[in-house]
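Protein chains in written order, with our numbering: chain L, 1 to 283; chain E, 1 to 305.
All clues stand as given, with none of them false.
Using 25 angstroms as the maximum straight-line C-alpha spacing, the simulated SDA-like pairs for lysine to any residue come out as follows:
(1) K148/E <-> L31/L
(2) K54/E <-> I117/L
(3) K108/L <-> V42/E
(4) K148/E <-> D51/L
Listed below are several chain E residues computed to face chain L (Cβ distance under 7 angstroms; list not exhaustive):
(5) W31
(6) F240
(7) T241
(8) G285
Pairwise CB distance ranges (calculated):
(9) G9/L <-> P99/E: 25 to 31 angstroms
(10) E65/L <-> K79/E: 40 to 46 angstroms
(11) G17/L <-> I159/E: 20 to 26 angstroms
(12) I294/E <-> G9/L: 38 to 44 angstroms
(13) S50/L <-> V96/E: 34 to 40 angstroms
(14) V55/L <-> K79/E: 55 to 61 angstroms
(15) S164/E <-> P261/L: 35 to 41 angstroms
(16) G136/L <-> Y293/E: 34 to 40 angstroms
Calculated directly from the structure, the hints in this document are not laboratory data. Backbone N, C-alpha and C define an ideal beta-carbon position, used for all residues, glycine too.
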Amino acid sequence: MNGKSERAGIVPHVVMGVMAIYFLLPFWWLLVAATKDNDGLFLSAPLWFSDFHLVDNLKTVFSQENGIYLVWLRNSALYAVVSGVGATAVSALAGYAFAKLRFPGRTKLFALLLGLIMVPATALVLPTYLLMSKAGLVDSIWAVILPSLLNPFGVYLLRVYTHESVPDEMLEAARIDGAGELRVFTSVALPAMRPALVTVLLFSMVASWNNFFLPLVMLSDDHLFPLTVGLRTWYMSATLGNGGEALFNVIVTGALVAIVPLIAAFLLLQRYWRGGLTIGAVK
Amino acid sequence: MTQVETRSAAAPAVAGPAPRFKRGREAVTGWLFVAPFVVLLVAFLLLPMAYAFKLSLYRSTLIEGEHFALFENYTQAFKDPLVREGVVRVILFGLVQTPVMIGVALLAALLIDHATSRFSRIFRLAAFVPYAVPVVIGTLMWGFLYSKDTGPFGSVLHIDFLSSSWVLASLGNVVTWQWAGYNMIVLYAALQGLPREVYESARIDGAGPAQIAWRIKTPMISSAIVLATLFTILGTLQFFTEPLILQPLNPGSITQHYTPNVYAFNQAFSFQQYNYSAAISFLLGAVVFVGSYIFLFATRKRSAL
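Bound conformation, chain E alone (with noise of 0.2 angstroms):
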């Protein structure tokens, strides 16, 4: 990345200097072109983020109307237990599902970069299939799934897959299920692209195949496995139609507020509460943000980016 901006900064398009009105009319025409994507940008971008904002610094009640708050909703939410159990449970979900998926795409982009027989092949497509399933259809299926009426397990293993003791790893799996081919492709995408000479000097020294998977493959793809494991925990962070779906399973273990998106979500269309609501999103968003930030800088060795 930061090598193609460099690039392209050091490097006129235009051998020499071009003519005066020439580079007016690049200019307008550049403007035109990117002109439909900075609208949509500030229209569905730009402003709901400021109105966000906005909102979020107001409160409404019945006698007073909407009034300027500051940040007294910003300290409710912080203050907030149903808010404080949504984040503490999304950071678990994603301190646990996350290293899981990102685990299992791993090593399976790590046996179809070894098995290049017909059946990887077929492999790689099954578990890539997932992918292109709507995440409410994904989540409808494992609701069949565990369940004990209508599901395989429930009536073997006597695990109620959505007590409040399993709803978290059941959901985790539904995520897995759903993104591991997703990251498989990319992280294979990546093996593809190493040359395979080291392998070579590898294997002359005696090293087995699990050990150039582990110790060659896996640290040259590092930049890819981060990049994987950040979209990842972007997604985690915003976890809203999974437990939105399964919800009606079993209301007790999947409440309201399960997660911030869904206590959000609820906010507004359940209690009208749009004020808080926009809080609690801002907030979201704004951690999600700097979160992602911060990890990109942190890794930004490996990532390259």
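This is chain L alone, in the form it adopts within the complex (with noise of 0.2 angstroms):
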């Protein structure tokens, strides 16, 4: 290890160095302006500190029209962990009975499933706005949820996965044994599916976290928006001036909340992340 770092040199080290700037400054820049006022962030220095304001700027993110902060970051999170959850165990199912179970129709669903996952996302948000909003479900938690719970990659990893690492004997095995399908499927195939299904977790989450779009378009009652959206209503009434009490220190301050749970909970689950990129790129 040593003596290969050594060899590195110092000019890989170096560009390393510069471009580690690059992707750090605008944190650096978020840290520091949400410790600022508002005066403070327009005349102070940008990449440093002036008076010290982070506190405040803390109560008034959270106090702001009666704490509805709270309210979008609790959306958030509901969001975040109803669709994770949700589209992980549809893609298990669907990802397991695909690599191990034999029916009819399998192998060409599998090949519609293989050629949906390149349609586009956002192609298809507005007409299922339109659809849901005839069935009466647009403005609920369920207009965001629901769509989210597909993953037509989730289930390509986890069919990859599993058509792999689940031998066949294993489950004909418990078979034998006299397990039922539902049985074979959760104590002896899940278990050994765990790495793949934390990943598809992880990435669904994320996903569902820092979803805009679809929530933009399906929500208009405030109370049900996630971060994303409320920050950028925010962020709207405080560029255009049209009497939003929404201040910059506050955005910023807020913004800085918003994103720290995710940066703790990404640093700590990062083997899971490299190791998902790992089953989704080199197959």
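Combine the two chains into a complex, taking the hints into account.
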């Protein structure tokens, strides 16, 4: 290890250093900006601290408009958890069936799925909205959660993983021991699928947490907004200055609060991320 | 992929012919297991697609109400200079931004693969962290950084990053910042899967690290590069959130029809032109779909899909 890094030399490290500054600069700016009041944000040096107002800013973020930020935070968490767990469960069932169960139409259905992975999600948002509004489901949490349960790529990943990591003999042995199909799935297949399940769960949760277009279109009640849509409304009223009371320092602090849990989770779970990308990329 | 498919088709799960009743039971179980997924697939993918197509064939006017118009919306879309402008813009954007981003990602991946020091591990995290940030927030941060009043560059460089001559590059930077690290990890994972012995013989033949990186490692991960490129192109064509967020900062340079997606969104929600909006959405979806197939087909030897 040591010998290797010595051989790597100074130039690669300098290049990496410059790139790291580029990737981290916005975070540094955000951290600094969240400690400033609105005047400080505009009048002080952008990349260094001036007067310390972080605590005031946090108080304002959570008290603005009767504490709606906290509602948005809760909504984001709710959508992420329910969509993530739901999408993973649905994908696990289907991925396992495609990999290990023989049923008529399996090959055709899987070929269809592979084709549909290429359908761009954003092209479906508007027609989904119109269909849901006919069904009277628009402007409810289900309008955001239900479409997020569909994860064709998750099914594909779990199918590939299960095919290679869950031995048929193990399933067959459980069947001979008298286990029903559901039992075989939950006590034999699922534990063996765990690494891939965690990956699909992480990716679907992040996708929901970060989702913007779907909730933007589906929701009009601001008490149902996730953070992304909520912060955008504050940003719009602040930039357009049309009587909105949100100030830039509140938005900046709100943005900081919104990304801290995600980055923390991300740092804690990083080995799963990499594992997941490996399953997806290097087949 | 193909490999996996043929393998499973060739080898039946149970050795020998299974009893008839067992086959039937497995068929039922199989369908029960895929049922929730199939229901979702129909409800949130196939139905909306079909509905968008149907809507796109109708027109709605005050006098006649909704009436069948065949491809009138599509003809209109093809003639619409605002659609054309948006399409040209995303294509131009993709042609410049995709190679830049994949280049940055590849360089970063080769660097961390080469230098296995503690610093390279920190760097790997630093580059990947932007991916964890919601696009809305990433764009907001860059919006502040671009501003002359709150950002560090404007006052020094005297550049208005959101003026019409700079805005496309500025948006490209946001996208690169957000996704380069993700692509880096994909490419790095591919590099990690390569057999190390190959480099050894190249080294003995006198190849330096840069030559090994460019002439040996890069060609060997071409399939991962192709996939990363594909996903970048798919994302580019659907470009939406970044321009929408930055729009209020400079409505003059980021218009209501800046990209096809932004245009479709505004047609539906600002002007209630659902039929026309559906036509644009459907067209965009079809282009992405067909485009990705052509791309995969053209590169299938390299991508091993």
